[in-house]
Amino acid sequence: MVRTRFAPSPTGYLHIGGVRTALFCWLFARRHGGQFLLRIDDTDQQRNVEAALQPILHGFRWLGIDWDEGPEVGGPYQPYYQSQRLAAYQAAVEKLLAGGFAYRDYATSEEIQAERTDAERAKRPFLYSRKWMAETPADRARFEAQGRRAVVRLKMPRQGTLVIHDLVRGDVEFEWAREQDHVVQRADGSCLYHLASVVDDFDFRISHVIRAEEHLSNTPRQIFIAQSLDYPLPAYAHLPYVAEPGSKNKLSKRKLDKYLKNRDFAQVNEHGLAIAAALGLETTADTFNPVIVDFYEQVGYLPEALVNYLVLLGWSLDDKTEWMTRQQLIENFSLERVTKAPASFDPKKLWAFQDHYMQQLAIDERVTRMMPYLVRAGLVADPPPGEAFELLGRIVEAAGDRLKVFGDILAYADFFFNDAFAYDPKAFDEHLGKPDAAERLSRFKERLAVVEAWDVESLERAMHDFLAAESLKIGAIIHTVRVAVTGKAVGPGLYDCLEILGRDKSLTRMDRALDEIRKRGNVDG
RNA sequence: GGCCCCGUCGUCUAGCCAGGUCUAGGACACAGGCCUUUCACGCCUGCAACACGGGUUCGAAUCCCGUCGGGGUCACCA
Numbered sequence: 001m002v003r004t005r006f007a008p009s010p011t012g013y014l015h016i017g018g019v020r021t022a023l024f025c026w027l028f029a030r031r032h033g034g035q036f037l038l039r040i041d042d043t044d045q046q047r048n049v050e051a052a053l054q055p056i057l058h059g060f061r062w063l064g065i066d067w068d069e070g071p072e073v074g075g076p077y078q079p080y081y082q083s084q085r086l087a088a089y090q091a092a093v094e095k096l097l098a099g100g101f102a103y104r105d106y107a108t109s110e111e112i113q114a115e116r117t118d119a120e121r122a123k124r125p126f127l128y129s130r131k132w133m134a135e136t137p138a139d140r141a142r143f144e145a146q147g148r149r150a151v152v153r154l155k156m157p158r159q160g161t162l163v164i165h166d167l168v169r170g171d172v173e174f175e176w177a178r179e180q181d182h183v184v185q186r187a188d189g190s191c192l193y194h195l196a197s198v199v200d201d202f203d204f205r206i207s208h209v210i211r212a213e214e215h216l217s218n219t220p221r222q223i224f225i226a227q228s229l230d231y232p233l234p235a236y237a238h239l240p241y242v243a244e245p246g247s248k249n250k251l252s253k254r255k256l257d258k259y260l261k262n263r264d265f266a267q268v269n270e271h272g273l274a275i276a277a278a279l280g281l282e283t284t285a286d287t288f289n290p291v292i293v294d295f296y297e298q299v300g301y302l303p304e305a306l307v308n309y310l311v312l313l314g315w316s317l318d319d320k321t322e323w324m325t326r327q328q329l330i331e332n333f334s335l336e337r338v339t340k341a342p343a344s345f346d347p348k349k350l351w352a353f354q355d356h357y358m359q360q361l362a363i364d365e366r367v368t369r370m371m372p373y374l375v376r377a378g379l380v381a382d383p384p385p386g387e388a389f390e391l392l393g394r395i396v397e398a399a400g401d402r403l404k405v406f407g408d409i410l411a412y413a414d415f416f417f418n419d420a421f422a423y424d425p426k427a428f429d430e431h432l433g434k435p436d437a438a439e440r441l442s443r444f445k446e447r448l449a450v451v452e453a454w455d456v457e458s459l460e461r462a463m464h465d466f467l468a469a470e471s472l473k474i475g476a477i478i479h480t481v482r483v484a485v486t487g488k489a490v491g492p493g494l495y496d497c498l499e500i501l502g503r504d505k506s507l508t509r510m511d512r513a514l515d516e517i518r519k520r521g522n523v524d525g
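Residue numbers (my numbering): 1 to 525.
Take the hints with a grain of salt, since some may be wrong.
[As the list claims (entries may be wrong)] Cut-off 25 Å, straight-line C-alpha distance, at most; resulting in silico cross-link-like pairs (DSS-like, lysine-lysine):
1) Lys426 / Lys473
2) Lys123 / Lys155
3) Lys404 / Lys349
4) Lys155 / Lys95
5) Lys434 / Lys473
6) Lys123 / Lys255
7) Lys348 / Lys261
8) Lys519 / Lys426
[Said to hold, decoys possible] Okay, the calculated beta carbon distance ranges per label pair:
9) Thr508 / Lys250: 25 to 31 Å
10) Glu50 / Gln328: 20 to 26 Å
11) Thr508 / Glu50: 48 to 54 Å
12) Gln328 / Met1: 22 to 28 Å
13) Glu135 / Glu110: 19 to 25 Å
14) Glu214 / Gly75: 24 to 30 Å
Don't read these hints as lab results, they were simulated from the structure.
Yeah, the Cβ is synthetic: ideal placement off N, Cα and C, and Gly gets one too.
Put together the whole structure using the sequences plus the hints.
The following block contains the structure:
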């Protein structure tokens, strides 16, 4: 039975690299009809665990990564919180001690540090002398009489070689003599991560430990613990980490400033920020940026786009298949085809997947999912009246593939809902600020006022009649009209915009633009 | 610094284990063009990589050795 796990610590946010790891664990479990579980690594931070966990669970749910056991769903081995499993760790420590696989150590951290420094100076690898190791009650009494307190250390083997059969990297060898006598229990009785992790993986019957490669060098000590405790070893698979855009360094949320220097990353970030601003979201770089999954949900990306993109970051099916449904992903996923080298996160490629999946989505579905953005931005009443849905449907239809994320309805088509829209300054100067603009706009408006049927065909015909009568080229007027009625130089087809706005609004907006031109002209001159 | 991992277009990757079909394939990005009222989409074209050096071999991106480069990790963090 395949059982995999992902073990987030409750930090309050879901990191894109973490999700990739979790996704691989999840896919592997689903591929083999096994279970995927969530275990909470909260041995360190006791306070506000629930609050710090919510965004993480929410992110997984949004992405459709469901867990069979873990917080909020329970399971046969609950609790799945490390902070609630202290007794199990204590029992393991005692067993280690009893078996001679660990010892009480009375050294102070200064004494250990001194040994380490000596070793460094002598240019030999550090290995603890075990001078303050207490293996008998007499030793303990002696050290305690000196006022020392004990931690529990692993008594690591000092000879031989360990071979790890890693499912991604093949056989990896380690010399036991290079491994330190790591502390597994502090003087205050609390246990450390490696001990807890091994005990948990056994107690939860984890069959495959799939995790990021930074854990590869921790694996020998974990294997030592497991073997000392008579646990069967799980299979190990160490995934390459997700790297920064355009670099091989590990992606970290702390180096956001650096990523912002990457053009693509900055572009995606700014696009998201603009939508957040339209929504009135309070954003800080800490909680809202393209390294954090929540960013994509807020801005209105599709979870299937993110999932599809993330799977391809370190895994491929073949030489050309890129678009895969969740079902195809599950059917085809395999650890053998996971890459060994780190893969850098490319927001632009994610964007391309988003574009693709958005185009696949039916208009109705897009309307349903965009409407909440309009409501939150205050452009549509809550609850939205039926005509708002009808209007939005026509807009989405006309906008076609221009709306890349749900939030784009605000960044791109807000003017439909807002008569007091602002003119894009550059567009205004370019298309309304020119000498002939007002004159032409005013004449075109007169022509439009007498159009019989207000639809795309009639409007287009009216435009061509106008051009013929005035001996103008279309470029001389169409942009002017666009900016007058939408405020922007880019957007859906102009006739679509006019039709959707309707005759009254279109003409009113042209008047408003003419007023604005006059006003600005007076100020300027 | 020790140990471990990794190294194919700018980026994600296929190919490597079972050497020839690789004048290295696909995708994103980029550049140019077509379409076009703008933008976007779409289509076409282009640019662009086997880290380096030795070996083995008739033949090496693929096998071996070395070098260089990058990264991870060396906690009483997780």
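Hint check:
| no. | hint | result |
| --- | --- | --- |
| 1 | Lys426 / Lys473 | holds, 22 Å |
| 2 | Lys123 / Lys155 | holds, 23 Å |
| 3 | Lys404 / Lys349 | holds, 13 Å |
| 4 | Lys155 / Lys95 | holds, 13 Å |
| 5 | Lys434 / Lys473 | holds, 16 Å |
| 6 | Lys123 / Lys255 | violated, 34 Å |
| 7 | Lys348 / Lys261 | holds, 14 Å |
| 8 | Lys519 / Lys426 | holds, 17 Å |
| 9 | Thr508 / Lys250: 25 to 31 Å | violated, 55 Å |
| 10 | Glu50 / Gln328: 20 to 26 Å | violated, 36 Å |
| 11 | Thr508 / Glu50: 48 to 54 Å | holds, 53 Å |
| 12 | Gln328 / Met1: 22 to 28 Å | holds, 24 Å |
| 13 | Glu135 / Glu110: 19 to 25 Å | holds, 23 Å |
| 14 | Glu214 / Gly75: 24 to 30 Å | holds, 27 Å |
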